[in-house]
Every structure is written in C-alpha cells, then in structure tokens.
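Chemist: Please take these sequences and the hints and turn them into a complete structure.
Just so you know, the sequences run in chain order A and B.
In this text, residue positions in the first sequence follow the numbering used here: the first is 1, and each later residue adds one.
In this text, residue positions in the second sequence follow the numbering used here: the first is 251, and each later residue adds one.
Between beta-carbon pairs, the in silico distance windows are:
no.: 1; chain 1: A; residue 1: D47; chain 2: B; residue 2: R495; range: 35 to 41 Å
no.: 2; chain 1: B; residue 1: L366; chain 2: A; residue 2: Q37; range: 53 to 59 Å
no.: 3; chain 1: B; residue 1: R495; chain 2: A; residue 2: E6; range: 44 to 50 Å
no.: 4; chain 1: B; residue 1: A466; chain 2: A; residue 2: E6; range: 35 to 41 Å
no.: 5; chain 1: A; residue 1: H72; chain 2: B; residue 2: P453; range: 24 to 30 Å
To give an idea of the chain A side of the interface with chain B (calculated C-beta under 7 Å), a few residues:
no.: 6; residue: T2
no.: 7; residue: N52
no.: 8; residue: P53
no.: 9; residue: H62
no.: 10; residue: C95
no.: 11; residue: G118
no.: 12; residue: W124
no.: 13; residue: V139
For the record, the hints were derived by calculation from the structure and aren't laboratory data.
In this text the structure is predicted, and so the values were computed from the model without any measurement.
From the three backbone atoms N, C-alpha and C, an ideal C-beta is built for every residue, glycine too.
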Amino acid sequence: MTALPESTAKKLGLVIDLDTCVGCQACATSCKEWNTQGYSAPLTDLDPRGANPDGPWLNRIHGYEIEPDSSHDSRVVHFPRSCLHCETPACVTVCPTGASYKRAEDGIVLINPDTCIGCKLCSWACPYGAREYDVDQGVMKKCTLCVDRIYNEHLAPEDRQPACVKACPTGARHFGDLGDPDSAVSQLVAERGGFDLLPEMGYKPTNKYLPPRTKRNTPQMGVEALPHGDGSAMDRLFKLADRLLSGTGN
Amino acid sequence: MNPAYSVILFTTASGAGYGLLALLGLMGTRAGQSTSLLFAAVALVLALGLITVGLLSSTLHLGRPERAWRALSQWKTSWLSREGVAAVATYPMAVAFGLVWSGIIPKPEAIGPLGLLTALLALITVFTTGKIYATLTTIRAWNQPLTVPIYLFFALTSGGALYLALAALFGRDPDTVAPVAGFALLMLGVLKYRYWQVIDAAPRDRTMANATGLGANVRQWEVPHTSKNFVQREMGFVVARRHARRLRGLFFILLTVVGLLELAASAIPAFAVPAALVIMVAAWVERWLFFAEAEHVVTLFYGNPQA
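Modeler: Here it is, written out as structure tokens:
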C-alpha cells in the first residue's frame with residue numbers, strides 16, 4: 001500500500017564513507033550480481049558488450065572533483081549513489097498500483113515486481129535518481145537493501161548484510177539501524193558528521209554520507225641545489241664509492 | 251524531462267475530449283435535449299473518442315499495460331490513481347447523459363443532473379491530470395499553483411474550439427459556448443504568459459553542492475556508466491533556451507490565430523473549423539515545451555550545477 005507507515009520499528013540503511021571510497025565499482029558489480037538472481041531478478045543487460053550497453057543498476061558510482069582553492073588542493077571524491085530508503089518517500093505515495101511500499105518493520109522501500117505497471121512516475125518523484133526502468137521486464141527496479149540477504153537464514157550470520165557492503169574492499173560502506181542512536185552506524189554518523197543528500201527536499205533520507213576528511217595541503221617540495229663537491233679527499237672517496245656502487249664503471 | 255510523444259498525445263487529446271464533454275454536459279443542462287440526434291451522437295463520439303485515444307496512448311506508454319487496472323487502487327495517496335478512477339467514472343456518466351440528451355431515452359428531466367455530473371467528472375479528471383504534475387516537488391517548473399489551472403483552461407479552450415467547429419459543420423448556433431471558449435482562450439494566454447514569467451524568475455537554488463554535500467567547488471569528474479542511462483534519458487532532457495523562446499513565441503502566435511478565427515466565426519461559422527485544428531497544434535507545442543523546459547533535480551548528480 002502506498003500510504004506510508006506512521007513510523008518504522010527500525011530504520012535500516014547504509015552509511016557511505018566518501019573519505020575511504022576508492023571508486024573501484026566492487027559494490028556496483030556485486031550488487032548487480034546478487035540482485036540479478038535475487039528479489040529484483042533479472043537486472044537486464046541489453047547490448048552488454050556492444051556500443052550502447054543499457055540496463056538498470058541499483059547502485060551507481062559518480063566521480064566528483066573538488067576544485068582547489070586557497071585552503072585545499074584539488075581532490076577527487078568517489079560517490080556511490082543508490083536508494084536512500086527515505087522516511088517520506090514521494091516515490092511510494094505517487095505509485096498508482098501499490099507496487100511501491102515502505103515496510104513498517106524496517107523502513108526498507110521496495111517495489112513489488114508482480115504488480116508494478118512500469119508507469120515510471122516514481123522515478124519522476126525521486127530526487128536521487130534511485131529508480132530505474134527495466135525496458136525488458138517493463139517494471140521499475142531499485143535497491144532492496146538486499147532484503148533477501150539480510151534476513152536470510154541460509155547464509156552465515158556474517159554474510160547477512162547487503163552485497164555492496166560485503167564487497168567493499170576499503171570498508172567504505174556500513175549497514176545498520178539508523179533509528180537506534182546506539183547502533184554502530186549511528187555512532188559513526190555522529191562521530192564523523194554524517195549528512196543527508198538534498199535535505200531541503202524534505203524526503204528525510206535514511207542513508208547517510210560521511211564527508212571526506214580535511215586533507216592536509218601537500219607541502220611544497222622546494223627543489224634544493226645539489227651540493228657541489230669541495231674537492232677534499234673525503235669528497236673524492238665518496239665519489240669513487242658512488243661510481244662503484246651505481247655500477248656505471250666510470 | 252523527456253517529452254514522450256505518448257504522454258503529449260494523451261494529455262492533449264484527452265484534454266480536448268474532456269473539455270468538449272464538459273461543455274456538452276453544461277450545454278445540455280442549459281438548453282435541454284439536443285435538437286439534432288446526429289449532432290449529439292457525433293459530438294459525444296468525438297469527445298469520448300479523443301478521451302479514449304488519449305487513455306490508450308497513456309496505457310501503451312506503460313511497461314505492463316495488461317496490469318493497468320491495478321492503477322485504480324491507490325486513490326488515497328496517488329493523483330495518478332485518482333486520475334484513473336475519475337477517467338473510468340466519467341465514461342458511464344457520459345454515456346447516460348448522451349442517451350438522454352440525444353433523446354434516445356426520452357427522459358428530459360434527467361438531462362440537467364446528468365449533464366452537470368458529466369461536466370463535473372470531466373473537469374475533475376483534467377484537474378487530477380494537472381495535479382500529477384503540480385505535486386512533483388522534484389520539478390520546480392511544474393510544482394507551482396499555475397500548473398493545474400493551465401491544464402483546466404487548456405481543456406476548455408481546445409474543447410471549446412472543437413464545439414464551435416462541430417456547431418459550424420452542423421449549422422447550429424454555438425450559443426454561450428462561443429463566449430465561454432473565448433474567455434478560456436484569453437485566460438489560457440494570460441496564465442501561460444505568467445507561467446513562463448514565473449519559471450524564468452524562479453531561483454535555481456538547488457545546487458550540486460547541496461546534492462553531493464561536497465561544497466561549492468564541486469564539479470562532475472566521471473559519469474557512473476559507459477552509455478546514457480534511464481535517468482538521464484528520462485529526466486535529463488532540457489531544451490535549449492533559444493529554441494524554447496522561439497516555441498513560446500510560436501505558441502502565442504497560434505493562440506492569437508485561434509482567437510481571431512473564432513472571432514471571425516461569429517460572422518462566418520466555417521472559420522471555426524481551422525480554429526479547432528490550429529488549437530490542437532498549439533496544444534502540442536505547449537505540452538512539448540511543458541516537458542522540455544522542466545528541469546529535474548536529479549540532474550544535479552549528473553553534472554548540472556544548479557536546478
């Protein structure tokens with residue numbers, strides 16, 4: 001049903017560390033691999049090796065550059081973007097069929113692939129570009145927070161987290177209950193000053209982003225003049241040793 | 251926003267259909283049973299035909315048209331669902347009105363209430379269509395008070411032009427529809443002028459800095475794909491300002507032509523026929539621009555510095 005729950009028992013979501021993400025795309029490929037056989041299956045790939053590969057991805061990694069100014073050097077920030085599982089997601093309330101819904105128990109926003117009519121209105125209502133249309137299946141696709149992993153008792157307990165979190169080699173992705181102020185993710189957000197994307201839109205995203213740490217400016221390495229020999233016996237001895245050790249033989 | 255032809259066809263055709271239907275209902279209420287069975291039949295078939303063509307076009311725009319009936323279920327939250335419910339409810343009412351108004355079922359006392367209800371439902375449907383766009387906070391150009399009245403006045407203008415053309419073809423007095431159509435056209439011109447003023451003056455204060463949280467010096471460095479993706483194709487389309495200005499000018503020229511033809515039609519009714527054709531061209535231009543000028547906030551993640 002597209003009416004939103006008054007509140008959710010948990011607020012499951014991701015915390016993404018923009019400081020440590022290296023843009024390796026492991027989360028995106030791991031997401032595609034799991035979800036093309038999971039809840040959202042299949043995640044169609046059209047023309048995958050051709051000139052115009054196309055198809056839905058539930059997680060996309062942008063790259064942004066922060067241009068240098070007097071206080072810092074330029075830097076590149078890798079920016080994974082997926083559904084933020086908002087508290088007031090208009091993508092859900094605009095859905096005419098009830099295929100989109102927000103779960104009362106954990107706050108996950110899902111699409112029922114059996115009742116979605118592919119009208120695409122939810123993608124218009126999302127400020128974050130989290131919903132993509134699957135041309136082949138005729139329905140919308142979005143991040144499920146790996147709902148088919150996190151509660152999956154067939155998996156080892158340490159594997160019951162989203163595929164993207166499991167795959168991240170730098171530990172830039174964290175999964176947990178952001179509604180519980182004592183959870184590890186909430187602590188991390190408090191400690192690092194985690195922020196919302198486009199807070200002025202009022203969607204109250206659950207996922208948080210951790211800002212890049214302030215980078216110390218690289219000290220300017222002045223090129224120093226090589227010391228000139230003074231022609232002393234010690235100096236000639238060093239020159240001999242240098243020639244012998246560098247093997248130039250002259 | 252991508253100006254998809256199926257959606258443009260839907261909103262322009264069904265808008266004209268609902269506008270015509272509303273005027274037929276109101277005229278039925280005012281003047282009672284139609285004096286010509288043929289006029290009544292042709293007018294109703296044209297109105298419902300345009301509505302049906304529009305609805306079919308929007309249904310074919312769906313990924314899963316066979317599931318379209320499900321869209322009637324979420325009227326509590328979704329304006330798209332409300333539009334579906336209103337559209338479906340209008341059909342039987344229009345048919346019932348048509349049967350008594352044309353005289354096929356001789357029940358003249360039912361013409362008034364059925365005509366009013368038909369007109370009301372037709373206008374409610376157009377209202378819900380406008381609301382679908384007006385409630386999307388992600389698109390500033392649509393998310394404003396002028397969107398819904400423009401949809402309503404467009405329906406009455408195009409429906410009115412169709413009514414006048416039909417009246418001319420059947421040699422009938424257009425009665426009060428002529429001033430109503432003229433008034434709607436004038437309102438449409440004024441509101442649309444104001445609409446463009448408003449969207450041109452709107453602050454573009456949503457920024458890439460806010461979207462990414464990376465500060466004012468941020469710019470796009472790498473795109474998250476190897477070829478354009480759905481979000482860019484659907485939401486990334488924005489017409490060049492220069493082209494938009496030209497098309498806005500064209501719209502006002504077309505609207506003026508319609509107005510002049512309708513004025514001329516008060517002397518020589520035949521002029522109402524080209525007026526009806528020209529208003530449909532104007533509707534197409536306006537609706538194309540409505541999409542093409544709409545900037546979606548998601549573009550901030552894809553290199554647009556402000557929206």
